[in-house]
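Two chains, two frames, some hints: make the complex.
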Amino acid sequence: MHITLKNLVRNYESVHAVQDVSLSIPENRIFGIIGLSGAGKSTLVRLISLLEKPDSGEVWYNDQRVDNLPEKEIIQRRRHIGMIFQNFNLFSSRTAGQNIAYPMEICKYPKDQIRARVRELLELVGLSDRENAPISTLSGGQKQRIAIARALACKPDILFCDEATSALDPKTTQSILALIKDIQRKMNLTVVMITHQMEVVRDACDYVAVLSEGKVVEQGTVKDLFAHPQTKVTKEFMSHLTTNTANVRDDGVVIWSDVPARYTLRFLNDRVETPVISDIIREFDVVFNISGAGIQKVGDTKMGTMVCDISGPEDAVKAALEAIKERGVTVEEAQA
Amino acid sequence: MKGLTPAIWKLIGQSTLQTLEMVSLSTLFSVLLGLPLGILLCITSPESQGGIRPKPVLNEILSRIVNILRSFPFIILIIVLFPLSRMIVGTAIGTKSTIVPLSIAAAPFVARIVETALKEVDPGVIQAARTMGSTNSQIVFKVLLPEALPSLISGLTLTIINLIGYSAMAGAVGGGGLGDLAIRYGYQRFRPEVMAVAVVVILVLVEVIQFIGNKISAHMMAKR
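Chains B and V, in that order, are what the protein sequence lines are. Under our numbering, the final residue of the first sequence carries the number 336; numbering is consecutive throughout. Under our numbering, the final residue of the second sequence carries the number 224; numbering is consecutive throughout.
Treat the hints with care, since some could be wrong.
With a straight-line cut-off of 25 Å between C-alpha atoms, the simulated PhoX-like cross-links for lysine-lysine are [said to hold, decoys possible]:
(1) V:Lys-55 with V:Lys-96
(2) B:Lys-53 with V:Lys-55
(3) B:Lys-111 with V:Lys-223
(4) V:Lys-119 with V:Lys-142
(5) B:Lys-155 with V:Lys-142
(6) B:Lys-108 with B:Lys-155
(7) V:Lys-223 with B:Lys-72
(8) V:Lys-142 with V:Lys-223
(9) V:Lys-10 with V:Lys-119
(10) B:Lys-111 with V:Lys-142
(11) V:Lys-119 with B:Lys-53
It is worth saying that the hints were derived from the structure and are not from the lab.
Pulled out of the complex, with its shape left as it was, chain V reads as follows (with noise of 0.2 Å):
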């Protein structure tokens, strides 16, 4: 371990930094794009599975979208919204352009966890809602999103740990972080302490967002 120079431990806190404001900043962006989604995916879906504005062909369309850009290959879709980045950042390397394909990969993935979660949501309640005179916006915001809380908590917790996992891999195409610094330290480097270290404080910081997800969720129902 004696290649853990106060320096590198310097270099070590700069990227869970980095990695942290990755995460954080493309979770929010994320939710931003994928909670709407996936309300419009509940609300446009077949009645006989709870849509409360059956609208066929728009949830088709948001329903393809959404699985493509789940199927794209992480590394690719980097790769492909580099003009993009380049256009919302004004470059397409660093931490900061990395949160725009981090962003992109997970809403959809956030849209059909909230899809999911807001399904779930007994049909007779949402009846008791209709027949009390609810509009359609009463009836997400009032009964919808609330009823199916403790399950989004969840999702939100699978969501901040996947963008750590898709972070480590942002790093590979220079965009700093964790993972950026297990790759050119640890193995281009030839220095598998450094390495260790860089998966370790990954590794912590999973347990702890699971931790607390968990504690929240549990929380929640508690109190039901």
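Extracted from the complex, chain B is given alone in its bound form (with noise of 0.2 Å):
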């Protein structure tokens, strides 16, 4: 399903929370929505969800507007969206099981039709095990996994995902995102995610809209915004930005190539400032290949690594690592 809003305006009291905001929200897709504490999203996913009536404009779900429906049809149509929180909103009066019972309850399933569909769900998350805890037993990454199987209870076509990881350590982070990706695509569902981590839009998102003072400022495919980042909100979200954790080594050295290096280098005090590879290409009959390199503060010194592979004639490989080594560069050679 795809959801079209069209010059929203919400107001409180003077504060404009939401400004003429006007975005098209493709189906099947994953949408981000990014911006800074007071930027308006809590509002916004508010209007989307339904949960509130905007001031002027308009919110259609694929060809039918939503936003002026009389209240039971709301309800209704709310039966069909889900919606996950930073805070995950579990009732602490239900075990896990019977929270993701609740919307079906709710909806009125018969009872055999509900305890079938809340096995699934728990093995969908990976929690079957856990059916029958208290709420204050689980972690954080449970109880929002639990979240979302009370979210995806009733089959919904929308998922609203309202800074659903920001309450949870990177690792669990990539989990749950992991897990709403799959979900996405084994459900066709929509998803919408408020968040203000450019992590989030990065690693889950396929397009995005960056919101500031309630306004958006620029939107498009998270591939493009990465590439061409065109206003001063989206650069500031970029420089925030933590490298993929993946990556970075130890040592902090960056390695982006799969291939494993045979060589590392590691240069100290003033050899950082020198350009010994490129010496050693016009010296010798040898070519680098780059594929991780870092920089590290030792003490008072810095000391540079880099991680490559040296082809070319054996005897001019063998001259070139004597180069370098001469030139007060440490050579590790990986048993091959």
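Next comes the structure, spelled out in structure tokens:
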């Protein structure tokens, strides 16, 4: 299902929470809405998810205008919307399984059907063994998994994620994002992710809109946004990005090639600043294929590390390595 | 303690039963009156205070009524409600007729306790229930009340203990029970040992009820 927002405006006593937002959210994709706190994200999601009515403007689900539906129909419509939250918002009076059963209970599903679906959903989120667990005994990641299962119970066509990973550590965040991506594909969901973390947009979203002071300042595919950020706000978000932790080794070296390289060169002190590699290439008949590099501060001195392969005629490589060592660079050779 | 003859012990037994009758029935009726009132007070309050169906005027009126009833001195309330008791029970004196003023005195107290307990429910949880398409009555009965149950139980314990105190006062106007016994035998006939026993029995009742209430509340919290 695709969602269209037309000129949405919502004000709270002189605070312009959402000012003239128009967006087209394509179906079966993960759409990110990124903004700092106070940018109007929460209000926007409350408007799109029909929890609040806009002062002016329209919300369309496919070809139906939904913001002006009567209360009864809005309630029916909400039953096909899934939503997960930063604080999980699970019912503490219910066990994990009973939490997942809740949306089906209010939709008056038959009891045995609820039971079967609860099992199915627990399996989907990988918590089959925690059906009867009280909520307080679950970890943050497990709580969000139960919340996701609950959101999916009535087979929604939209899933809203309101800062769903903001209360989780980086590792759990990754596993929750992976789960959402997996579910999105399996269930053909339109997912709208509201976040203030660029990592979430980068790792999970297909499209993104950048929200600032209640307005959309930039939108497009995530790829385009990363390649050509247009506005100051977006660049600001990008500057806070941490690198993909998977590619950073403990010594700070970033590896960008999947092929393991043979040599590790370590440059100390002033060697860091000199064009050793260029000199070597000019002098010998060899080529360097650099697959990773990094720099570290060791006490008062800097140490550069470079992971690379050196190829060329065997003699030339040998001579080049000698020359590198002569220039005060340590060479470590990986055992083949 | 030679004044405590078998006849007096029998009287103490009867009075205890009367107290239990007054307290249990007035607890029942005050909950029947106070619970819906408390729910109304909560859901009609402004949205910022967790109201799911804000009705400012109704909320204000209910709130005023509750405050007026709560500030009435109980002994005056009994007298004011004599005609009502006579209408409902048929008589204005005796154990049964005191149940009317007792219930009406405790109902606003119950209402406030219910209101406070429901307002303590995490607004995020209510928002989640709303996004899932819950109707207002589903939110009340499937979310608010179950989520607030441990504090509702503590509130109920408090209500019962208050009613034990009130029921002793009701004894003064011919309501029977332990308070009546203490005043008629202990005070007016100068038999302090009877008064002492009556007070001890009331004390034991309060302790037992507090103990049971705490246990139930703790048991519920442990399962969450």
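Okay, the hints, checked on the actual structure:
1. V:Lys-55 with V:Lys-96: Status violated; Cα separation ~37 Å.
2. B:Lys-53 with V:Lys-55: Satisfied, since the Cα-Cα distance of roughly 18 Å is no more than 25 Å.
3. B:Lys-111 with V:Lys-223: 23 Å, holds
4. V:Lys-119 with V:Lys-142: 15 Å, holds
5. B:Lys-155 with V:Lys-142: 21 Å, holds
6. B:Lys-108 with B:Lys-155: Between Lys-108 of chain B and Lys-155 of chain B the Cα gap is close to 14 Å, so the pair holds against 25 Å.
7. V:Lys-223 with B:Lys-72: Given that 25 Å is the threshold and the Cα spacing comes to 35 Å, the pair is violated.
8. V:Lys-142 with V:Lys-223: Roughly 18 Å between the alpha carbons, so the hint for Lys-142 of chain V and Lys-223 of chain V holds.
9. V:Lys-10 with V:Lys-119: 46 Å, violated
10. B:Lys-111 with V:Lys-142: Holds. Lys-111 of chain B to Lys-142 of chain V sits at ~16 Å (cutoff 25 Å).
11. V:Lys-119 with B:Lys-53: 24 Å, holds
Consistency with the previously given hints fails for numbers 1, 7, 9, ordered from lowest to highest.
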